[in-house]
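A.B. asks: Put chain B on the given structure of chain A with help from the hints.
Chains as they are written, first to last, in this note's numbering: chain A, 1 to 328; chain B, 1 to 399.
Worth flagging that the hints you see were computed from the coordinates, not collected in a lab. Note that beta-carbon positions come from the ideal geometry of N, C-alpha and C, so glycine has one too. Please note that the accuracy of each hint is not assured.
Stated by the list, open to error - Just so you have them, the derived chain B footprint on chain A, three or more residues with Cβ under 8 angstroms:
hint	stretch
1	44 to 53
2	241 to 251
Claimed, not checked - Straight-line distance between alpha carbons at most 16 angstroms, and here's what the computed EDC-like set of lysine to aspartate or glutamate pairs gives:
hint	chain 1	residue 1	chain 2	residue 2
3	B	Lys83	A	Glu37
4	B	Lys221	A	Glu37
5	B	Lys83	A	Asp36
6	B	Lys209	A	Glu304
7	B	Lys125	B	Glu267
8	B	Lys308	B	Glu267
9	B	Lys125	B	Glu154
10	B	Lys221	A	Glu150
11	B	Lys252	B	Glu390
Read off the chains here:
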Amino acid sequence: MERSDVRSLYLLAAFLVCAYAMPFLVGAWAGTVRLDERWLGNLATVVVGGIMQGGVYAMFALGLTLIFGVMRIINAAHGEMVMMGAYLTWVAFFYLGVDPLLSIVLTLPIAFVFGVVVQKLLLDAAVGAPELTGLLITFGLGLAMIYTAELIFTTDFRTIPYAPGTVQLTSAIAVGQNRVISFVLAVAISTAVYLFLKLSRLGKAVRATALNAEVAMVCGIDVRRIYLITTGLAAALAVAGGALVSIQFGFNPETGVLYTLQAFAIIVLGGRGHYVGALIGGLMLAVLENLVSLMVPNGTAMVELAAYGLMISVLLIRPGGLMGVKEG
Amino acid sequence: MKTAAILAFAGALAALFVLGVGTGWAGHRPNNEVLVGGAISQTGQYAEPAGRQVYSIKLWVDEVNARGGLLGHTIVLRLLDDKSDIQTSIKLYEKLITEDKVDLLLAPYSSGITEAVANVNERYKMPFLAYGASSTPIWEKGRRYIFNIVAVAEDYQKGAVHLARQIGVTKAAIIGQDSLFPRQAGKGAKDWCKKLGIDVVLEENYPTKQTDFTALLQKIKAADAEAVFSNSYFADSAAQLRQMRELNLNFKLYSSTIGPSLPNFPEQLGATAEYVLGFSQWEPLPKVLGHPGMQEYIERYEKRFGEKPNYHAGGAYGALQVTEAALKKVGSFDNEKLRDALATTEVQTIYGRYKVDARGMNSHEGLTFQVLRGQRRVVWPEKWAETRAELPTPEWSKR
Chain A
1 MERSDVRSLY
11 LLAAFLVCAY
21 AMPFLVGAWA
31 GTVRLDERWL
41 GNLATVVVGG
51 IMQGGVYAMF
61 ALGLTLIFGV
71 MRIINAAHGE
81 MVMMGAYLTW
91 VAFFYLGVDP
101 LLSIVLTLPI
111 AFVFGVVVQK
121 LLLDAAVGAP
131 ELTGLLITFG
141 LGLAMIYTAE
151 LIFTTDFRTI
161 PYAPGTVQLT
171 SAIAVGQNRV
181 ISFVLAVAIS
191 TAVYLFLKLS
201 RLGKAVRATA
211 LNAEVAMVCG
221 IDVRRIYLIT
231 TGLAAALAVA
241 GGALVSIQFG
251 FNPETGVLYT
261 LQAFAIIVLG
271 GRGHYVGALI
281 GGLMLAVLEN
291 LVSLMVPNGT
301 AMVELAAYGL
311 MISVLLIRPG
321 GLMGVKEG
Chain B
1 MKTAAILAFA
11 GALAALFVLG
21 VGTGWAGHRP
31 NNEVLVGGAI
41 SQTGQYAEPA
51 GRQVYSIKLW
61 VDEVNARGGL
71 LGHTIVLRLL
81 DDKSDIQTSI
91 KLYEKLITED
101 KVDLLLAPYS
111 SGITEAVANV
121 NERYKMPFLA
131 YGASSTPIWE
141 KGRRYIFNIV
151 AVAEDYQKGA
161 VHLARQIGVT
171 KAAIIGQDSL
181 FPRQAGKGAK
191 DWCKKLGIDV
201 VLEENYPTKQ
211 TDFTALLQKI
221 KAADAEAVFS
231 NSYFADSAAQ
241 LRQMRELNLN
251 FKLYSSTIGP
261 SLPNFPEQLG
271 ATAEYVLGFS
281 QWEPLPKVLG
291 HPGMQEYIER
301 YEKRFGEKPN
311 YHAGGAYGAL
321 QVTEAALKKV
331 GSFDNEKLRD
341 ALATTEVQTI
351 YGRYKVDARG
361 MNSHEGLTFQ
371 VLRGQRRVVW
381 PEKWAETRAE
391 LPTPEWSKR
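Bound conformation, chain A alone:
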């Protein structure tokens, strides 16, 4: 590690301590921090809730960072793929009566094929082209997906009433059933993808392509096939994320945009193209948002300010993001 790198790490650590202490300080000053049992219960609930939320966000981000890492394309249609997953799950639930978790078995292959088709028809043209090309192509794809969804489903909001109950961790800490299910599933799927990338032959080929496509090609890796698999995998991750969205939140064809933004913020924070960074970034954002909301007076109005403030500050201190990935 170079010296400047080490210094930026220390600076980052100091900054993060300050950032997470901030809501507590403001809360103490405003009198919202009480340190009694009830308040500690609230704090714990909020942190647990943030972790649950963060796990799901991280899963969206993983798909986005995968495509970026391998092809240097920012997939602006990522959120729409999440939205597609939510609708597929919704249709399976309301029309076919399939359990939302079970339906993942059905939707993931569909999503993978969709990703492969998108890669063949659209993204192949954008690999190696200026970064704007990929952004524009995927942006167009996203709009096409939004309007197709509006044609089929109208703009009405949907959601799935699934596992609405509560899980009482202790007498003071409660968390939603659907959140626990979502979190467990998100962690399982993310871990599976991570292990696939780390351990399997194909996964290693994906990582090799991400490091240097030309050298990978020279080593006998079929780079075009790797691209197909990458986009298929990213689409599957997005659609699985959509299934989790559908049982937690309301969605309509337009909500995808929100998830693209969120995922983008997370990968920038975590380090572009870095898988573990995406996980850490997701958790960090969600927990900070909840802390600010709980302790700062009228703090819920400021969660976006806090989230993007965190992102910008981290980038200033360490331009590569938390995990400090070097460009190029």
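C.D. replies: Okay, now just chain B, sitting in the frame of chain A:
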């Protein structure tokens, strides 16, 4: 030469006639048409409520054309999509007025967009009757060319606060999305709480895109609030209710401004939507409300769109009935005269009575309903109540 000159003169006269100079308004449409235009959110976050208004607009246009048109002119409808975006809407209204030269303007949807567009039509002195904006400040800036038909945002929680008082609530929280309409509704709720002696222990806004309310709900509980007045739309009110259930937080009363009034709210949320209070400007209940023509309108709407009209649809239709009545009074498409007619006319519509005050605001009375066994039932005001409100809300474990 002389014949040629006469012919030319006759030709010019004919041309003038065709161009519509003879009909007494600045219109110049071929085929005796009148261009009615507006921009309304057909995509974006407001697409759902605004979409219902689009249905009513289309229904009205076809009905008027079947009746022989507006003042004898066939309506050509130019309905653009502002994508729920203020800037887009401003541009589209500029275009409708200056390029397309519409003869009659229709209103956009949402308080925020209407507030912005109100500056555009004011500049060109073209009036419209707003059916998608209920924030009072729009009418408190001395504007002359904008009128409203719906109940104001400040009264959206009026019924809920009264019901809270009836069941002995003394502490309440007021939360809402951080935009114009929810803020106004929040202000109104606060005023009503004050009038009825309910202590507001927490007041907080959240960003438009907020999905996680865990912390906010914990905070509300920590402040010992017994009732939650939420000034919210679909996604946020749905998330709040779900997370209340997940966290097992019980309140005596939860009321939301917009979410529960959307047609698919009870069905999409299932048991989680039960006992929730919502506000409605209007309900398709001719026997309860008794406004003239309601039954027929509801039947025609349902036949065409396969669902009963909600209050967004009813408001748009009522506004168009008022506009039609005002135009008949004026007898032409003179926008200045139309403005005066809109300011003075008193009309009974399917939506209720229309008669504006000096600001241009109608004193429309809304109603509060409760979701009971998957149905919306009117519970307030008493003269319209279909059933007694079932409050306080049972605990989650008993729902």
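A.B. asks: Can you give the numbers of the hints that this structure goes against, from lowest to highest?
C.D. replies: The structure breaks hints 3, 5, 7, 9, 10; every other hint is satisfied.
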